[in-house]
Every structure is written in C-alpha cells, then in structure tokens.
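Q: Chain residues, written in single-letter form:
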Amino acid sequence: MNANIGIFEANYYLPATKKTLSQIFQDEEKPTEAFAADVDFEKDIGIEALHVAKNETAADLCINAAKLTMAKSGIDPKEIDLIIDFTSIPEDYVAPTWSAAGQVQKAIGATGAFATAVNTGGCASYQTTLKVACSLMSANDRYNTALLVAGDKTPEFNHNYFPITVVSDGGSAVILKKNMTNRRILGVEVATVGRLHDMWFIPGIHNRKPEDVGGKYPRWLHVCGDVQRFNKELIPINLFMFRKVMLGVLKQVGKKIQDVSFFVYPTFSAWDLKAFAAAFNVPPEKMSAAGMHHGHLQETDMVVGYVDALNTGRIKDGDLVMLATNGAGFSWGASLVQH
Amino acid sequence: MRAAVGILAACCHLPQHKRSVEDLFQEEGASFSSDIAVRLGIKQVPIGNSKASESASNMAVAAGREALQHAKIDPMQVDVVVEYSVMPQEYLVPVWNMSNKVQAEVGASKSFVVGFSGGGSSNFMVALSSTVAMLSENDSIKTALLVTGDTTIPGNRVLNPADPVTVLGDAASAVILQRDAPGGVVIDTELWSDGNNHDICYIPGGSLIHPDDISLYRMQLDKARYDAFPKSETLRRMSDKLLERVGLKFSNVVCVLCSNISSQDEAAMRQAFEDKVSPVCASNRESHGHLQGTDFPLNYLSLIESGSVKQGDYVLGVSHGMGATAAVTLFRY
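First to last, the protein sequences are chains U and R.
In terms of the numbering used here, the first sequence has 140 at position 140, counting the first letter as 1, and numbering is strictly consecutive.
In terms of the numbering used here, the second sequence has 274 at position 274, counting the first letter as 1, and numbering is strictly consecutive.
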C-alpha cells in the first residue's frame with residue numbers, strides 16, 4: 001500500500017447541549033442484568049456528562065464536522081475525490097438503502113467526488129474505512145483526496161450502553177491526501193469474529209413488537225446486548241484481539257510496540273481504559289484518556305482522541321501513533337500514523 | 001505493475017417460489033395494464049418464503065458456501081468478506097451487518113468484513129472496486145468473498161406503484177475474487193455520484209427521522225427526479241472515460257451487462273451502448289425481475305453459460321442506483 005497517504009486534517013463537532021450522567025440514568029431504562037466486572041457501572045465509568053443533539057439530525061452532525069474540517073484544511077471541496085461515511089449507528093433513513101454520504105457531498109459542494117458508506121465494524125468502522133480508503137487511493141491515480149465522515153445521533157433514551165459505556169452525539173471528519181511527508185498512515189489491520197454478530201444489535205421497526213408501540217422507549221431503535229454472552233464470549237477474547245491487530249499492523253510496517261509514542265483508544269469507561277493500559281503497559285501520559293469528558297462517541301472516538309492529543313501537544317513531530325479500537329460485529333482495528 | 005484481480009467463481013441463490021407480476025400488482029393495489037407490462041418486461045419474480053431458511057442472510061450464506069465450493073477455495077483462505085446488499089437486513093444496519101454472520105457460517109474465520117451502503121444497484125461495483133483495490137494493494141489480502149442477500153419489504157415489491165419503475169425480487173449472490181485469478185479479470189471501475197439526488201429513492205420510516213411510522217417503512221421513489229437523472233448518458237460518458245484510461249475503444253467491447261430494472265431502462269441502455277446489451281439481461285429480467293445487487297452476478301453467469309463470450313473478450317458492466325450513483329466496470333473474460 002502507498003505509504004505516503006496521510007491525515008491532512010481532522011476535526012470533530014459536538015452539539016452544545018449537555019446532559020449530566022445522573023440525568024441520563026434517571027431518564028433511561030434501568031438494566032437488570034449482572035455485569036461481570038467488579039465495578040459500579042454508574043459511579044465508576046469516569047464520564048460525567050454527555051453531548052445531546054436536539055434538533056440537529058445525524059446528517060447535520062456529519063455535515064457540521066465535514067464543514068469544520070474542510071474550513072480548517074483550506075481545501076476546495078471540488079478537490080475531494082472520494083467521500084466515505086463511516087457512521088456506525090442508525091442514520092436519518094434506513095440503511096443500507098440510504099447513507100448520509102450523498103447528503104454530505106451535496107452540502108459541502110464536493111461535486112467531483114464519489115460518495116459511499118462503509119457499514120461494518122461498529123466503533124471500529126474508522127479502521128475498516130481507513131483500510132478501504134487507503135487501498136482505493138493507493139490503487140487509483142484519480143483518487144488523491146478523500147473525506148471520511150461520521151455523524152451519530154443516539155435514538156432518544158438510548159445513551160446508556162450498559163455494560164459497555166454511555167454515548168454522546170457528535171460527528172467527525174478526516175481528510176486523507178496522497179504525497180504526505182507527515183502524519184502518514186503506515187498500515188491498518190482489521191480482524192473480525194463474526195460468531196458474535198448477534199450479541200449487539202438494533203432490531204429495527206420491522207421487528208417491532210405490538211407491546212412496544214406507543215411506549216416511552218422506541219425499543220426497535222435501541223441497542224440490544226446479550227450481557228451473558230458479552231461476559232462469557234467477548235470479554236475473554238477482547239485483549240487478545242487487540243494484541244492481534246496491534247501486533248499485526250506493527251509487523252506490517254516493521255515496528256515494535258516499544259516504538260509507539262502515543263495510543264488513541266476509545267473512551268468506553270475508566271475501567272476499560274485501565275485494563276487496556278495494564279495489558280499493554282501503556283502509561284497514562286501516552287494515552288488519549290483526556291477525551292473522557294466528551295463521553296463515548298462511537299467511531300468518532302478515534303478522531304476526538306487524535307485531534308485532542310494534537311491540539312494539546314501530546315502528539316509531537318516524529319511520534320508513531322497507534323489508533324486502536326473495537327466495535328460491534330465484532331471487529332477490532334489498529335492503524336499506525338507516523339508524525 | 002499491479003497484480004490483476006479476477007473472478008474465480010460466482011453463484012446466485014434464488015428462492016424456488018415465484019410470484020407473477022400481475023399477482024403482486026393486485027396484492028399491492030397497483031393498476032396493471034398491457035402498457036405497463038411492456039414497459040416493465042417482467043413476468044415473475046422470486047419471493048422467499050417467510051421461513052428463516054430464506055432470510056436475506058441465510059440466502060447469502062448459501063450463496064457464499066456454493067461460490068467457495070465452485071472456486072475450490074477453503075474458507076480459511078478467505079481474507080476479506082465484502083457485503084453489497086441494498087435492502088434492509090434482519091436487524092438494523094450499520095449496527096448489524098450480515099457479513100459478520102456470513103463470515104462465521106461459511107467458516108472464513110481468518111477474514112475481516114466490510115459492507116457498503118447507499119449505492120443501490122451500484123453497490124456491487126462499489127464493493128468490487130474497493131475489493132480489487134484491497135487485493136492489489138495489500139500483500140496479506142489475496143482472496144475475497146463478496147456477498148449479498150436482499151429480501152424485499154412485503155407489500156412494497158412494485159417500486160412506485162402510481163407509475164411503476166420495476167418489480168423487486170428476493171435473491172442472494174456471491175462472488176469470489178482473487179489476486180492473479182486466471183480469468184474474469186477486473187480491469188477497472190469508474191464510479192460517480194450526485195449528492196443532489198441522495199433522496200431520490202430511500203426508505204423514510206424506521207430510522208431517526210421517522211422512527212415509529214411503519215407506514216413509511218417502504219422504498220419510495222421521486223419519479224420526476226428519477227426520470228430527469230440522465231442515467232444512460234451518464235453511464236456511456238463514464239464508459240468512454242474508463243475505456244480511454246485503459247487504452248481501449250468501445251469497439252473493443254464485445255457486450256454490455258446492465259441491471260434488470262425494466263425493458264424501458266434497457267432500451268435506453270441499448271441506445272446508449274449501440275445495441276451491445278447482452279440478450280441475457282432481457283431474459284433474466286423477464287423471469288426474475290430486478291434483484292438489486294444480484295442482477296450483475298446473475299447476468300454474468302448467464303453470459304458465460306450462453307457461450308457468447310470467449311477468452312480475452314472485453315465485457316462492460318453498467319449500473320445506476322440510489323445515491324444517486326452510477327458505476328461501470330470493465331472485465332476481460
């Protein structure tokens with residue numbers, strides 16, 4: 001793969017309205033299942049408030065992030081050759097028939113672009129999309145600039161993703177360009193364990209039960225997690241799979257984990273961050289935990305963690321940055337960016 | 001020089017049960033006439049039974065298994081599973097995607113999965129182009145399983161009943177792509193989208209804008225904008241651009257495969273592509289209707305079975321879909 005494709009610009013958009021976690025837990029359904037980890041889900045999660053979009057649609061969140069990023073980059077929208085939507089929760093209209101990619105294309109005036117969407121990987125859709133985008137750019141002389149976008153608006157009363165996390169609304173965008181000498185994407189590794197496909201899903205209106213009609217919670221739009229399987233089948237392999245993709249991408253480019261200067265990791269929970277840091281011997285100053293105050297932002301976590309670390313000087317010239325995450329499906333992804 | 005990527009095998013899985021177009025029109029309260037019959041050129045479409053065996057993902061698993069057998073590929077050799085369906089799946093995409101289930105059930109446990117949304121009938125070529133790029137640019141990815149399963153929404157098989165555009169059937173298909181495959185080489189793909197028409201065809205109900213309105217859980221088409229979108233002209237322009245890029249002319253192309261939307265749509269394609277549209281498209285359209293992502297694999301298989309192409313012949317696949325998108329792929333048989 002062409003090693004000169006890099007992150008030209010990245011940014012995110014969060015709606016201004018915030019809701020405290022105590023208010024979220026008060027408003028939403030109380031989970032009844034037992035959680036294997038020895039923690040208090042509500043008290044120990046490490047997130048205090050969430051961003052909640054009011055009138056903005058999911059596509060608005062996508063478009064706002066795209067516009068912010070385009071403005072920051074100074075790139076003419078007509079230069080964009082490829083737009084890939086990597087949103088990982090339901091959008092304004094039903095997928096896979098529709099995606100927000102075309103609406104973003106229209107909104108930013110990227111008239112020369114081809115717009116599509118990657119709909120796999122859950123929160124790891126960032127890595128899956130990087131893999132697709134870098135491959136398309138590397139293989140085709142006509143794709144020089146790509147815009148990756150995501151916009152997540154959580155269905156009402158579904159911010160509590162027990163037992164994993166609590167989620168904010170927001171959008172993010174990343175501009176990839178060829179012939180970069182800095183922020184080069186050295187490699188991307190993705191792995192999938194498909195047997196876990198039905199452990200975390202949203203039923204959809206076609207699976208709506210009569211008793212759900214007219215209720216407070218639109219359950220057919222809420223995530224359903226099998227907590228027992230989560231405890232028995234996912235948790236035991238999670239760190240193994242992280243190790244697999246991280247070592248896989250390091251091997252691709254001939255680097256060692258000791259060469260990594262900074263890790264961007266999702267903000268699921270304080271205990272999850274701690275487990276990852278302990279497993280891979282990563283000190284707090286080398287991790288993107290500062291993003292916890294935004295809450296978990298699905299696939300956008302990768303962009304938030306990366307942008308915040310850049311803005312606060314935690315990523316410096318010469319640093320090798322590892323972005324690693326997992327997501328529904330289940331997939332795990334890791335990418336390496338050379339600064 | 002980049003390694004060539006080609007089709008090792010393709011398979012379609014179609015439900016046994018078929019419904020006549022007249023029946024479906026009657027069931028959906030749409031008027032059927034001889035004029036509409038001629039304009040559509042569709043007699044019947046396959047419709048899956050309501051049993052789980054003919055769910056979209058189970059049909060996709062069956063197609064995937066069959067394609068792997070035809071290609072003589074051990075599932076453990078599959079490096080990536082790529083999904084290109086158009087219709088809603090068992091659970092809501094993108095949180096759930098059938099590619100994960102397909103990966104597990106065909107036993108491709110060393111692979112990772114990718115799925116694509118929003119391109120309608122062009123989704124297959126979006127998936128094809130992306131997969132070819134992954135195979136040619138990543139040493140660790142050599143073999144791909146592309147797969148789809150589409151089941152229509154009951155009561156919503158006649159698209160735009162007031163002025164019908166097509167009749168949708170249920171189907172699944174799978175294609176095995178491999179780096180350095182001996183035939184069916186994918187030379188190049190040209191993709192195009194017009195975001196102004198992102199909502200020309202979509203399902204408005206059941207997601208965030210109309211979360212609980214089941215009456216809007218139907219594929220809707222803005223017919224005026226659909227008609228105004230210059231489909232065949234766009235596809236011909238894209239084909240000429242692609243052919244020029246690879247140093248060929250349209251005269252080098254032996255035949256063209258288009259989607260099985262309607263005889264009216266095909267007539268426009270015939271005109272734009274100088275009568276090179278293969279007769280297999282009309283035949284499959286008549287007997288199966290529009291099978292969305294499966295149209296191309298079905299027509300490709302029929303073309304090979306017809307014996308009308310020989311080794312080295314160039315074949316163009318052209319498609320337009322939601323988004324609005326258009327896609328052209330050049331193959332060398």
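Check before you lean on any hint, since a few could be wrong.
The following residues of chain U were derived to be distant from chain R, with all beta-carbon distances above 12 Å [to be verified]:
(1) N2
(2) S22
(3) F25
(4) A71
(5) D76
(6) I83
(7) T120
(8) G121
(9) P163
(10) V245
(11) L310
(12) G313
In silico lysine-lysine, DSS-like type, Cα no more than 25 Å apart, as pairs [claimed, not checked]:
(13) U:K30 / U:K255
(14) U:K78 / R:K110
(15) R:K110 / U:K232
(16) U:K255 / R:K142
By construction, these hints were calculated from the structure, which means they are not laboratory data.
Each residue gets a CB set at the ideal place from its N, CA and C atoms; glycine is no exception.
Q: Work down the list of hints and note, for each, if the structure agrees.
A: Structure-based check of all given hints:
1. N2: violated, 7 Å
2. S22: Given that every Cβ of chain R is farther than 12 Å from that of U:S22, nearest at about 26 Å, it holds.
3. F25: Fine: 22 Å to the nearest Cβ keeps U:F25 off the interface.
4. A71: Consistent with the label, U:A71 stays out of reach of chain R, its closest Cβ about 19 Å off (over 12 Å).
5. D76: holds, 16 Å
6. I83: violated, 8 Å
7. T120: It is violated; U:T120 is separated from chain R by about 4 Å at its closest Cβ, not greater than 12 Å.
8. G121: violated, 8 Å
9. P163: holds, 17 Å
10. V245: violated, 9 Å
11. L310: holds, 27 Å
12. G313: Per Cβ check, U:G313 is outside 12 Å of chain R; nearest 34 Å; holds.
13. U:K30 / U:K255: violated, 45 Å
14. U:K78 / R:K110: Violated, at about 39 Å.
15. R:K110 / U:K232: Cα-Cα ~21 Å, so holds.
16. U:K255 / R:K142: Holds. U:K255 to R:K142 sits at ~23 Å (cutoff 25 Å).
Figure legend: structure checked against the earlier numbered hints; hints not met, in rising order: 1, 6, 7, 8, 10, 13 and 14.
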